Each structure stands twice: as structure tokens, then as C-alpha cells.
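What follows is the residue order along each chain.
2 protein chains.
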Amino acid sequence: MVKYYPIEGNAVIGQSGGPTAVINQSLAGCVEGLLECGFKGKILGAHNAVRGIVANDFIELQNIPQDRLNRIAATPSAALGSTRDKPNEEYCERILKSFKKNNVRYFFYIGGNDSSDTCRIVNKMAKETNYELRAFHISKTIDNDLMCNDHTPGFGSAAKYVACAFMGDNLDNRALAGIKINITMGRNAGFLTAASVLARQSPTDGPHLIYVPEVEFNIDKFIEDVNRVYSERGRCLIAVSEGIRDASGKAIAIQLAEKVEKDEHGNEQYSGSGALGDYLAKTIKERLGTEERLGTDLRVRADTLGYLQRGFAGCVSKIDQTEAREIGRIAAQMSMSGNIDGSIAIVRISDVPYRVEYKRIELSDVAAKTKKMPQEYIIDGCNISDAYKKYVSPIVGPLPVIELLRTHRV
Amino acid sequence: MVKYYPIEGNAVIGQSGGPTAVINQSLAGCVEGLLECGFKGKILGAHNAVRGIVANDFIELQNIPQDRLNRIAATPSAALGSTRDKPNEEYCERILKSFKKNNVRYFFYIGGNDSSDTCRIVNKMAKETNYELRAFHISKTIDNDLMCNDHTPGFGSAAKYVACAFMGDNLDNRALAGIKINITMGRNAGFLTAASVLARQSPTDGPHLIYVPEVEFNIDKFIEDVNRVYSERGRCLIAVSEGIRDASGKAIAIQLAEKVEKDEHGNEQYSGSGALGDYLAKTIKERLGTEERLGTDLRVRADTLGYLQRGFAGCVSKIDQTEAREIGRIAAQMSMSGNIDGSIAIVRISDVPYRVEYKRIELSDVAAKTKKMPQEYIIDGCNISDAYKKYVSPIVGPLPVIELLRTHRV
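Each protein sequence line maps, in turn, to chains A and B.
Take our numbering: the last position of the first sequence gets the number 691, and nothing is skipped along the way.
Take our numbering: the last position of the second sequence gets the number 691, and nothing is skipped along the way.
In case anyone wonders, no lab produced these hints; they're calculated from the structure.
The model shown is predicted, which means the values in this text are computed figures rather than measured ones.
Treat the hints with caution; some may be incorrect.
One copy or two, either will do: identical chains are not told apart, so a pair holds if it fits within one copy or between any two.
Straight line, CA to CA, 25 Å or less: simulated SDA-like cross-link-like pairs of lysine to any residue [to be verified]:
(1) Lys408 to Asn337
(2) Lys563 to Ala538
(3) Lys367 to Gly459
(4) Lys566 to Asp366
(5) Lys540 to Asp661
(6) Lys566 to Arg365
(7) Lys671 to Ile621
(8) Lys382 to Asp527
(9) Lys671 to Gln602
(10) Lys321 to Leu686
(11) Lys367 to Gly576
(12) Lys563 to Glu341
(13) Lys323 to Leu686
(14) Lys381 to Glu505
(15) Lys382 to Ile621
(16) Lys563 to Arg468
Extracted from the complex, chain A is given alone in its bound form (with noise of 0.2 Å):
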């Protein structure tokens, strides 16, 4: 039987940055966690994140019948309201202050690499002034770049959308025949983006090119291999990363955004327009559009898939909420088991039977740091290796099946 060591006092749980399908399971997952290891003191949600803890505006969560817990599990989008502010030392000071006021000795934050160095700066500062928090940062985020994880909660069920959109519009440039531009989410890490490869399932389909942010970004090749593509095949359907960068390193959707809107405040926009699939089917279109090259009529669309792909309801992938679900609990009983602090991360144990553990890691692994796509799931600039459908397939689970009309033409 495992023992617990508990402090007194309350905790706080709060939900930042971009939501997901399921960073509400994690939120379900630690109350629920912390109520079945014995927690008597009072659990508070932190409205938006931050700004909730620092203005004393908070949710009381431990009284939560639990088919309304379950309800709200189920339900796409930081229940709490989430926030983009990223504080700074001045600001993690008003937060410790707040906890200080409100005996807040457990503090969980749902989020990516940011909230987790929001997490570790507090954490540090209470041991400085020897407070005892027990600080645990709960892995989110659809772009799946954290550090020391196998993967992340979101990720699997946003992946299962871009998965699912790629294998409609395959079929929509299957029966339409064209060139087809789909940007996905991703500022750094391509993952998501190569997700889209999961909408393959005969040797024709596609998307047929895959450009993640991984590789540098060549708007002349980006042209030979859509030519290529489309002179072979009579269509082309093609996933874009957000975030592709070419040799400045500066990421072309930016590039384009500053053009447009030089009076901004320098918030780098990357989703929210259409502006980069814009520019690639333009200039597809101008460059292939000629009677020498693919001829006039060449038919060429984009479409951004935007922010639905981080919460459309009714599109998650079902491994993704239980994990989601436990690494919430998980964190909540290693609070509750003594003086420590951390971030809970997903190790993979094995593909087949898919298998994983969770695992404390310091909050400095993962703090405000990226993980990027290894190679080997990257073929030549443009498309995505076996290798990573072997990683990504447990994740996203079971996908509807497509059959297509391959009879003999009469």
C-alpha cells in the first residue's frame, strides 16, 4: 500500500496556452487524483491560467459530482480559460504571493514549454524563501514538442483530425483532380504536419508532399516537386507546416504577416489567415500556371486548417484521453506522496502491444525547451518516413476506413 505524506493547505490547478481535445481529461485527472489519495483541503481552478491565480479568481473544483467531472472531461477547450501571458520574474512573484495568502501548498499547471518554466520559476522561488509548494507541470500541447516525452496529451487527438481532413480532401482531389495546399499547425516541430501521412492507405493516395519546419524551406524545389508530382500523377495534395522557414531562418508566414500588417505590435502570427497557403498556391500558380509548364486552366487551392484542428468536438483520439486522463492523477499522487516536485512525461515501453509508462522528470528537462522531429522520420525534404507511422499510429488510433472503386474500366 503506498503511503502519503500530504501538507496542509490547498491546491491550484491551471490550464495555459493553446487548448486541446482533452487537456480538460487532465484536469478531471488530478482532481480526481488528489481526491482518491486522502486531499483535504480545497482544490482551486485557476480562471485563465495565471492571471486568475495572480487576481485571486479561482473555481472550486472538489465538490464536482462525477458524472459532470466526466461531462466536462469530454468537453474540447480549457474549461478554466487559459491565457497567453508568459511571466516574467516579477510576475512568478505576485503568483507565489497569491499561493502564500491562500495556503496554496499543491500547484498543477496543464501546458507546454512555457507554463512548465512558469512552474519551475515559482517552484524555485518558494524553496528560496523555503515555502514548500510541490509544483508539477502537466504535459499539453498539439505540437508534441516536449522534451523527454515520447509524446504529449493533445497531440494524438489533433493528429487524428489533421489525419482525418487529409483523408477527405484526398478524396475530394481524388474525384476534382488539382493542386492542393493544406496548412497545418506547428511553429517548430513538424509532427502534426506529418500526421497527414496517416490519410494514406493505397499506394495513390495522398498527400503526396510533406513540408515540415524541420527542413529548410526552397520555394524553386518546393515548385520542381510539385511539378513533378502533378505531371506524374494528374493531382497533388500537399501538407505545409505553419511554420516552414527558408535559409534567413525566419519563418515564411511571419515574413508574409510583416508585409501585410507592418502597423502590428510584432505578435507573430502564424494561424488565423490564410495568407501563407495563399502565397504557395499563387505562386504555384504563376510559375506552373503557363501553357509551357502545366497550362492555363491549372486548377490550384489552399486551405488552412487553423484552429479547429486543437479542439474540433467529437474528433479524439481515445488512447489520447486516457492518457491525458492519467498523467493528470499520476501527477496528483506524486504530489501527494512527499516534498517533491516535477513534470509527469509519457516514456513508450513498446509499439506492439502499444505500452507506456509515466515518468517524473526535473521541471529544468522540459522547461522552455523544443523537441524537434528526428530525421529518420523525414524523407528527402518532402515526405514522411514508415518509421514515423509506426510512432504515430498508436497515438491517433483507429481511423475510418476507406474503400475506393478499383474495378476494371470497361
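Assemble the complex: chain A is given as a structure, and chain B must be docked to it using the hints.
For chain B alone, coordinates are given in the frame of chain A:
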């Protein structure tokens, strides 16, 4: 017992225009209907619709095993391939010539109002030359804009996608407040955009503003609507139809495309570009993102739902599937009952319990006509009524359940 009066010969089935998530249900239903009625000829699937007919490019469909036919039926997008060709008289003569050469006596054309017109013209030509042809149009369009139909196959699934997309995005916008625009399909009719209203499960849920092509779009009123909602709620989620047009009567998306692509062929491009969303977002930012109005840190984003909404794998309305199958089967049955032709329309018998019947109408009743949304579905030019919600709910079927955290603040 029903008596059939078949005519010896073969059947052609084609799928035309933009694909849907259930267009292959109608294909399967039509094949099943013919075989169930004892049809003895060949069932020829026209590859890429009318293109395959004139090019003698067919796929035989009469021997597909039932389990495979079921999987094809469940696969989104036209299994036979599609086309955007709109045949003129000369083209239609070539279609009829192909029919005569292949002894085709049954013609089933799955498509929208353009397709029903092709069906009508070929049918008229056959009659004029005393060639017995039993020509049937099988309704299909996500736009839901066919006359004499309560609704059309394909619409329910696309509406479900739009509803789920807005449900997720409403929660996203709730968690990270700002102004968010989503552009949905619908060139002339606002039915699909209006389906975004289903995302509202609680009084504060978005979309807070909905703009359809049936209402003349005025950019000044739009800005004031957004200003009002954002000032009241601190956030604003907006659904905009790609087909909105201003006082000039010309769609804004077309006006923008003309500005950008002066060198193109006059093809009216609504989808496959983020231009309309980006223009609206930019205008909001310019007019409201000032210190005097909503502040210079105003967060405005736009996504364009694009092609994904018409065939997303795994997001389908069960009712839509059933009706699409049934309408194909009934067209086949009717064609076997005598020398008749027409289009099969869905007529609603009751809302609760939801019941429909299928009725043969004349091809000329539906051909080349467009149904608009009734005015009773539109409120104040920027919202959708409960009457519409009552109309659309049974067609879409059950949606994911959303549970919000509404416990009292501490």
C-alpha cells in the same frame, strides 16, 4: 406486390460537382435498387461523370460484393470521380450518342441543380428522337439549395461538420478571448453557414453573429455588430458565408479574387483561399483596434473552413447517410416501374418524430434553379432563428455534449 416494367438495356450512373460525405451512399443505393428489382443489364459507373460518358470510360458496378459496396458507400467523396463540366446542347448530344451506342436505357445522375439540368436536356433530346431513356436526377449538395426538397443529401453531414467545428472553436474562443471569424461554404444559400447556430448549447455560446448570402452585406453594419458584441461579452465568434454580397450584388470573395488574380480566366473562386476571412479580420483590426475603440491589442483571427467541410472522414450524419442511400434506391425502383423520368425529392412529413417521404418531381422543377433560406430563419440580418434550429436539428442528428465549469467563483 409491385410490378416492374423494365426495358432491356444498360444503366449509367454518374456523380457530378462537389463531393459530399454521403454521395457514395446514393451510388450504392442506386446499384442495390436496380438489382433488387431484377435489373439484368450492365450497371456502368461513368468515370468523372459526363466526361466518362462521352469518352466511353466506364466502371462496371453490378458485381460488387455487398460488404465492399457498404464500405464504398461509407467512404466520402465521389468514388467514380467527378467533374465541373456543365454540358451545353452539343455536349449533351454526345452524351446521348454514347447512350445509344452502349444501349443505355437508364441514366442516374447524382448532383446539384446543374446536374439536374444536364439530366433534363439529355432526357428531352432522347424523347425528341424517340429513344426510350429513363433519366433520373438524384439530389446531392451540401449547399441545400435545391427546389422542392426539404433538404438535400450531403447537407446534413456538412452541417454536422460546421456545427462541430463551431462547438470546438467557441470553446477555444471562450478560453482565449478575442474576435474570431470562420468562413463557411455556401455561394447563394446560407443554410450551411446557419448550421453554425447548433454550436450554441448555452446562452453565452457563439457564434454570436451569423452572416448569410440572403442578406445584403454592409461592412459598416458588420463592424458595428462586432463592436457591440465584443464590448458586451469580451469576445466574439462570427460565422460568415463565403457567398456574402454587398449592395453591388457581387460576392465580396469574387471582388477580392479579381483584385488579386487579374490575369485569371474569370473562374469565380470562392473557396480554396483565405482572402475573404483575411479581409474581414483586417478591416475589424483597422477600424476597432485603436485606443478609442477596443484597444490596440485586439486579437482578431480568421479561419476558412474550406473543402474539409464537404467530406471530412468520420464526421457524418447517420440520417444523412440513410436518406442518401434511400434516395438512390428509390430512383432505381421508379426507373424500373415504367417509362418515366424525374428527380427524387425529400419531403418532410413531421419534425417530431422526424419523418420524411420521397417524391418524384419533374426534372424541370429542380433544374438550374436555386433555393434560398426563408426569411423566417434570419434575425436582424446577423443571426439565425430557433425555427431554423428546429428545421436543421433532425437532419444533423446528435452532437457531442458540452459541459462547462459554472461553479461559483471563490
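A quick look at each hint next to the structure:
In this assembly of identical chains, Lys408 and Asn337 lie within 25 Å of each other by CA distance solely inside one copy; the values are 22 Å within and 79 Å between copies. In the homo-oligomer, the alpha carbons of Lys563 and Ala538 lie at most 25 Å apart both inside one protomer (16 Å) and across protomers (11 Å), since each shortest distance falls under that limit. For the homomeric pair Lys367 and Gly459, the shortest alpha-carbon distance between copies (18 Å) is at most 25 Å, but the shortest distance inside one copy (43 Å) is not. In this assembly of identical chains, Lys566 and Asp366 lie within 25 Å of each other by CA distance solely across copies; the values are 21 Å between and 40 Å within a copy.
In this homomeric assembly, Lys540 and Asp661 never come within 25 Å of each other (Cα to Cα): the closest approach is 31 Å inside a single copy and 37 Å across copies. In the homo-oligomer, the alpha carbons of Lys566 and Arg365 lie at most 25 Å apart only across protomers (19 Å), although the nearest pairing inside one protomer, at 37 Å, exceeds that limit. In this assembly of identical chains, Lys671 and Ile621 lie within 25 Å of each other by CA distance neither inside one copy nor across copies; the values are 35 Å within and 54 Å between. Taking the closest pair of Cα atoms, Lys382 and Asp527 never come within 25 Å of each other, the shortest separation being 49 Å inside a single copy and 57 Å across copies.
In the homo-oligomer, the alpha carbons of Lys671 and Gln602 lie at most 25 Å apart inside one protomer (20 Å), although the nearest pairing across protomers, at 33 Å, exceeds that limit. In the homo-oligomer, the alpha carbons of Lys321 and Leu686 lie at most 25 Å apart only across protomers (21 Å), although the nearest pairing inside one protomer, at 61 Å, exceeds that limit. For the homomeric pair Lys367 and Gly576, the shortest alpha-carbon distance between copies (20 Å) is at most 25 Å, but the shortest distance inside one copy (50 Å) is not. Proximity of Lys563 to Glu341 under the C-alpha cut-off of 25 Å is found in neither arrangement, the shortest distances being 52 Å within a copy and 39 Å between copies.
In this assembly of identical chains, the alpha carbons of Lys323 and Leu686 lie at most 25 Å apart only when taken from different copies (16 Å versus 59 Å within one copy). Taking CA atoms no more than 25 Å apart as the test, Lys381 paired with Glu505 passes in neither setting, with 61 Å inside one copy and 45 Å between copies. Proximity of Lys382 to Ile621 under the C-alpha cut-off of 25 Å is restricted to the intra-copy arrangement: shortest distance 21 Å within a copy versus 82 Å between copies. Proximity of Lys563 to Arg468 under the C-alpha cut-off of 25 Å is found in both arrangements, the shortest distances being 22 Å within a copy and 22 Å between copies.
This entry does not satisfy hints 5, 7, 8, 12, 14, going by the numbered hints stated previously.
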